[in-house]
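One-letter residues, chain by chain:
There are 2 protein chains.
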Amino acid sequence: MNHVYFLTPGPSQLYYTVPQHIKTALKEHICSISHRSKSFQQIVAHALEHLRALFQLPTDYYIAFTASATEVWERAIENLSQEYTLHLVNGNFSKKFYEFSKQLKRNAQKWEVSPGKGFYLSEMPPFDPPELLCLTHNETSTGVTMPLEDIYTLRKRYPEALIIVDAVSSVPYPEIDFSQIDSLFFSVQKGFGLPAGLGVWIFNQRCLAKAEELLSKGKSIGTYHSLPSLLASIQKNETPETPNVLGIYLLGKVAEDMNRRGIKTIRQEIEAKAAIAYHHLQKNNDKFSLFVNDPSHRSATVIVAEVLHRPAADFIEFCKQKGIVLGSGYGNFKGVHIRIANFPTHAKETFQHLADLMAQW
Amino acid sequence: MNHVYFLTPGPSQLYYTVPQHIKTALKEHICSISHRSKSFQQIVAHALEHLRALFQLPTDYYIAFTASATEVWERAIENLSQEYTLHLVNGNFSKKFYEFSKQLKRNAQKWEVSPGKGFYLSEMPPFDPPELLCLTHNETSTGVTMPLEDIYTLRKRYPEALIIVDAVSSVPYPEIDFSQIDSLFFSVQKGFGLPAGLGVWIFNQRCLAKAEELLSKGKSIGTYHSLPSLLASIQKNETPETPNVLGIYLLGKVAEDMNRRGIKTIRQEIEAKAAIAYHHLQKNNDKFSLFVNDPSHRSATVIVAEVLHRPAADFIEFCKQKGIVLGSGYGNFKGVHIRIANFPTHAKETFQHLADLMAQW
Numbered sequence: 238m239n240h241v242y243f244l245t246p247g248p249s250q251l252y253y254t255v256p257q258h259i260k261t262a263l264k265e266h267i268c269s270i271s272h273r274s275k276s277f278q279q280i281v282a283h284a285l286e287h288l289r290a291l292f293q294l295p296t297d298y299y300i301a302f303t304a305s306a307t308e309v310w311e312r313a314i315e316n317l318s319q320e321y322t323l324h325l326v327n328g329n330f331s332k333k334f335y336e337f338s339k340q341l342k343r344n345a346q347k348w349e350v351s352p353g354k355g356f357y358l359s360e361m362p363p364f365d366p367p368e369l370l371c372l373t374h375n376e377t378s379t380g381v382t383m384p385l386e387d388i389y390t391l392r393k394r395y396p397e398a399l400i401i402v403d404a405v406s407s408v409p410y411p412e413i414d415f416s417q418i419d420s421l422f423f424s425v426q427k428g429f430g431l432p433a434g435l436g437v438w439i440f441n442q443r444c445l446a447k448a449e450e451l452l453s454k455g456k457s458i459g460t461y462h463s464l465p466s467l468l469a470s471i472q473k474n475e476t477p478e479t480p481n482v483l484g485i486y487l488l489g490k491v492a493e494d495m496n497r498r499g500i501k502t503i504r505q506e507i508e509a510k511a512a513i514a515y516h517h518l519q520k521n522n523d524k525f526s527l528f529v530n531d532p533s534h535r536s537a538t539v540i541v542a543e544v545l546h547r548p549a550a551d552f553i554e555f556c557k558q559k560g561i562v563l564g565s566g567y568g569n570f571k572g573v574h575i576r577i578a579n580f581p582t583h584a585k586e587t588f589q590h591l592a593d594l595m596a597q598w
Numbered sequence: 238m239n240h241v242y243f244l245t246p247g248p249s250q251l252y253y254t255v256p257q258h259i260k261t262a263l264k265e266h267i268c269s270i271s272h273r274s275k276s277f278q279q280i281v282a283h284a285l286e287h288l289r290a291l292f293q294l295p296t297d298y299y300i301a302f303t304a305s306a307t308e309v310w311e312r313a314i315e316n317l318s319q320e321y322t323l324h325l326v327n328g329n330f331s332k333k334f335y336e337f338s339k340q341l342k343r344n345a346q347k348w349e350v351s352p353g354k355g356f357y358l359s360e361m362p363p364f365d366p367p368e369l370l371c372l373t374h375n376e377t378s379t380g381v382t383m384p385l386e387d388i389y390t391l392r393k394r395y396p397e398a399l400i401i402v403d404a405v406s407s408v409p410y411p412e413i414d415f416s417q418i419d420s421l422f423f424s425v426q427k428g429f430g431l432p433a434g435l436g437v438w439i440f441n442q443r444c445l446a447k448a449e450e451l452l453s454k455g456k457s458i459g460t461y462h463s464l465p466s467l468l469a470s471i472q473k474n475e476t477p478e479t480p481n482v483l484g485i486y487l488l489g490k491v492a493e494d495m496n497r498r499g500i501k502t503i504r505q506e507i508e509a510k511a512a513i514a515y516h517h518l519q520k521n522n523d524k525f526s527l528f529v530n531d532p533s534h535r536s537a538t539v540i541v542a543e544v545l546h547r548p549a550a551d552f553i554e555f556c557k558q559k560g561i562v563l564g565s566g567y568g569n570f571k572g573v574h575i576r577i578a579n580f581p582t583h584a585k586e587t588f589q590h591l592a593d594l595m596a597q598w
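Chains A and B are the protein sequences, given in the same order.
Here the first sequence is numbered in our numbering, starting from 238 and rising by one per residue.
Here the second sequence is numbered in our numbering, starting from 238 and rising by one per residue.
Think of the hints as simulated: they come from the structure by calculation, not from any bench.
The structure displayed is predicted, hence computed values, not measured ones.
All clues stand as given, with none of them false.
A pair holds if it fits inside one copy or across any two, identical chains being indistinguishable in the list.
Taking lysine to any residue pairs in the SDA-like style, the calculated list, with each CA pair at most 20 Å apart, reads: (1) 501 / 511; (2) 339 / 459; (3) 473 / 565; (4) 456 / 340; (5) 342 / 452.
Construct all of the structure, not just a fragment, from the sequences and the given hints.
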């Protein structure tokens, strides 16, 4: 099963430098060192430094590690809301974030639109200002993105709310103005091309103040992965628990590699590959139909199309035979959709090859 | 930094087959496959099969994956208690388990003895029967073990309580009669010699019934990693979130390797190595003093000694120069203790070398 390229929306193709970094990690005993040692602290410091540079993160924003983005859904609701969260829902993942809030006994409200649709803020129903506004930058199940300008508009509309952005399948692509949001999180097996099992949670002082307010009111905000606990550890370049040390090491290495390549270049490459995919899906409109109608809501990093007349599995199998693994549709769309991931590790040549396959099929 | 042996109590030396399994995993694209694919389900099924064999687990006990053992402390309290937990505390880790319960607003009671001491059940103060009795089989910070017979005695004393055993630094060594406990958990970076970032949680039907009872009473038991959610996924050989796929793959491979070697052999080897370490620490009693006085409370897998007259760091550095990395003391004992891990991957020859170093120093 060599020479296979995974254009799957996560887990996905490993970033091309990862196998070499893993070999180095084994040689340097990264998996055996103590998580309370200077060596480990240096690994954390290195990862934080390169993530900060990659995101051009303001100094008053913190970074902490969790086990997954799924975990952050839970921790964010526990730490950043006492009663009322508001969710923009347009697919399975934004919906799960909303459902977590209900499971945690919050008054969770949602503005829901159909899968494949984006949000037109002029049509937003009236909601009381929430404590926590939960946005999904890129709905991985359907390939719908939320334009950054819309996030900034919501900031103006709800200045008191904490705004948290699920950027799981879009980072490091979007050039986010962090001063317009309070928190952002992602997992590493998508845009960063790393083995799964690590989440990254970025948050600011307002988030911390909210968690501490809940704590002072006698509310439970969890234990080792509460914001105050995460922060106390990360300020020592540590983690509360023994974490996925190899994952943190690899994340630092890949963030460094990406910084060396340049985030501007990476963004341009992603846009060029997205243009190829969207162009050829539309060119082959006898076989494919884009799932997201409004071009401004089409994701650059997860491209979703309906396969016409034939089962999506046929095209997926055809591509697999040629060495490209595509994502199948999510949930109800499993038999009908293809999902094409467009992450930094994916080569333009692979997209050109995929375009040829669209024509040939 | 090659030819170094990590006798550290976790993270520790990788199990000797792990580097090769990682190479195979990379070749077979284990880190890129979908966590909703048949390939992933096979990886999970394989890991479960070999863990069940290794633990000789009764069929009515389930296995689920978390990110760490630390996580299980939290999830267990959330899912297995409404009000009252009882903890046997004799070191930093058993104490943290107790503190988690307080942070989660339970009425957490403890029977605490000094670090380095074990529990004599005849001296146990009277406690109301708890919902959840939290035991630490092997206190990693001090090298104190709890004889299995004592656990079984507590079962008779508190038949209504759920009994959960933290076996983080002892598995797969103890031959536990699972019918005498309800739950057991560990992380993989110790006895299994795997990269950190994965926890294993074993639980029975009584645990599940308790979680469902709490749920039916409208209590929050968390979200994706509640017991019912974990179980619903694992019964499909899946996990609720995108997990540490590589970790699960490696765990299955190492459990298979251990089954091939034979758990009986592994246990005998651990006992033989423990005998070497304890014998030579006592033989060099001008330099070392065993921290655990009662032989029946001395751990076979984490051996702790006080270093006499000189800083512990001197002996640790001496051993490091000779290619053996020892654990330093935990917490307040950092400057005074050495901790020697004795896991399945550690060779008898390394222990003999360590014995020589004790004499030479």
